[in-house]
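Undergrad: Sequence:
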Amino acid sequence: MHIRIGTRSSRLAVWQAEHIQTLLQAGGITSELVLIDTKGDQVLDRSLSKIGSKGVFTQELEDQLRVGSIDIAVHSAKDLPSSLPEGLGIIAFTERELVNDVLVSRDKSLSLTNGREFTIGTSSTRRVAMLKHFSPHVTTVDMRGNLQTRLRKLDEGQCDALLLAYAGVHRMGYDEFIVEHLPIADFTPAVGQGTIAIEAAETLDVEKVNAIRQLTNHPLTEACLLAERAFLARLEGGCSIPSFALAQWTDEQTIHLTGGLVSLDGSQLLRENFTGTSEEAPQLGHELAESLLARGGDGLLADIRSQL
Numbered sequence: 000m001h002i003r004i005g006t007r008s009s010r011l012a013v014w015q016a017e018h019i020q021t022l023l024q025a026g027g028i029t030s031e032l033v034l035i036d037t038k039g040d041q042v043l044d045r046s047l048s049k050i051g052s053k054g055v056f057t058q059e060l061e062d063q064l065r066v067g068s069i070d071i072a073v074h075s076a077k078d079l080p081s082s083l084p085e086g087l088g089i090i091a092f093t094e095r096e097l098v099n100d101v102l103v104s105r106d107k108s109l110s111l112t113n114g115r116e117f118t119i120g121t122s123s124t125r126r127v128a129m130l131k132h133f134s135p136h137v138t139t140v141d142m143r144g145n146l147q148t149r150l151r152k153l154d155e156g157q158c159d160a161l162l163l164a165y166a167g168v169h170r171m172g173y174d175e176f177i178v179e180h181l182p183i184a185d186f187t188p189a190v191g192q193g194t195i196a197i198e199a200a201e202t203l204d205v206e207k208v209n210a211i212r213q214l215t216n217h218p219l220t221e222a223c224l225l226a227e228r229a230f231l232a233r234l235e236g237g238c239s240i241p242s243f244a245l246a247q248w249t250d251e252q253t254i255h256l257t258g259g260l261v262s263l264d265g266s267q268l269l270r271e272n273f274t275g276t277s278e279e280a281p282q283l284g285h286e287l288a289e290s291l292l293a294r295g296g297d298g299l300l301a302d303i304r305s306q307l
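According to numbering that gives the first Met the number 0, the sequence shown is numbered sequentially starting from 0.
No lab work stands behind these hints: they were computed from the structure. Cβ atoms here follow ideal geometry from the backbone N, Cα and C, with glycine treated the same way. Don't take every hint at face value.
Pairs of lysine to any residue, SDA-like flavour, derived with a Cα cap of 25 Å [stated by the list, open to error]:
hint : residue 1 : residue 2
1    : Lys107    : Phe117
2    : Lys131    : Ile177
3    : Lys207    : Ser30
Label pairs and their calculated CB-CB ranges [stated by the list, open to error]:
hint : residue 1 : residue 2 : range
4    : Ala301    : Gly27     : 39 to 45 Å
5    : Leu83     : Ser8      : 17 to 23 Å
6    : Gly114    : Ser305    : 31 to 37 Å
Construct all of the structure, not just a fragment, from the sequences and the given hints.
TA: Shown next as structure tokens:
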């Protein structure tokens with residue numbers, strides 16, 4: 000069996016695709032990488048919300064899935080829109096990495112907790128809004144590009160620190176530049192942060208689908224992602240909506256899901272918590288979103304969308 004793996008061409012995306020290759024190879028499956036540039040990779044002079052965040056890092060890969068040029072597409076799960084195009088679906092989620100956001104800098108003295116004023120580079124509306132809510136003393140600047148590009152901009156003095164997902168920083172071997180792990184109780188991550196998703200067309204040979212799932216899917220992570228993505232789907236959220244959600248196992252049968260929304264200026268933050276079994280994971284996410292919307296989340300979402 001041979002699998003053609005579609006991936007973005009950044010170093011982190013290629014690392015993720017090569018990780019999938021390694022998992023497949025353990026089962027005797029050969030594979031090849033097909034590098035594909037996405038709109039999000041090509042347009043770096045505008046924020047994600049300004050270029051249309053839905054599918055900004057996935058559409059070109061999905062086009063190749065539809066025509067059969069690739070068998071699977073490998074994504075950072077947090078980059079996937081809340082709903083996928085017709086005929087496509089996620090067939091696996093890898094075991095999740097540590098989910099925290101981290102502060103990255105050459106200056107080891109920087110911290111969000113000491114009240115010191117400094118400038119943070121990030122392209123995430125969620126991170127900007129949360130910084131305004133929890134750390135209004137810091138300034139943010141829009142920082143697009145792959146991890147290496149952002150580190151170069153940091154060294155050029157365009158900001159004092161970067162706010163990034165631990166998973167990407169760790170996978171690229173930049174742990175030495177992490178100066179602070181942000182607590183997930185406050186800085187709850189984006190849906191899917193820390194895991195790799197494998198997308199395929201519904202027409203992909205079932206034998207290939209079963210083999211890929213068996214070798215790459217992590218059932219415990221998958222249950223959490225089903226809850227988180229159901230939450231996001233009900234909100235009709237994307238990369239530009241400052242929403243957050245994290246599902247975690249509290250014991251062998253129980254999942255705890257926390258999720259919410261924060262206004263763009265950071266003045267309002269709504270959060271809900273639900274607990275249920277793995278079988279209830281999608282329902283859990285839907286119910287959390289419904290509760291949030293009923294508490295004023297619908298108005299907050301409308302306000303957010305009117306400003307983007």
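Undergrad: What are the numbers of the hints that this structure violates, sorted from low to high?
TA: 4
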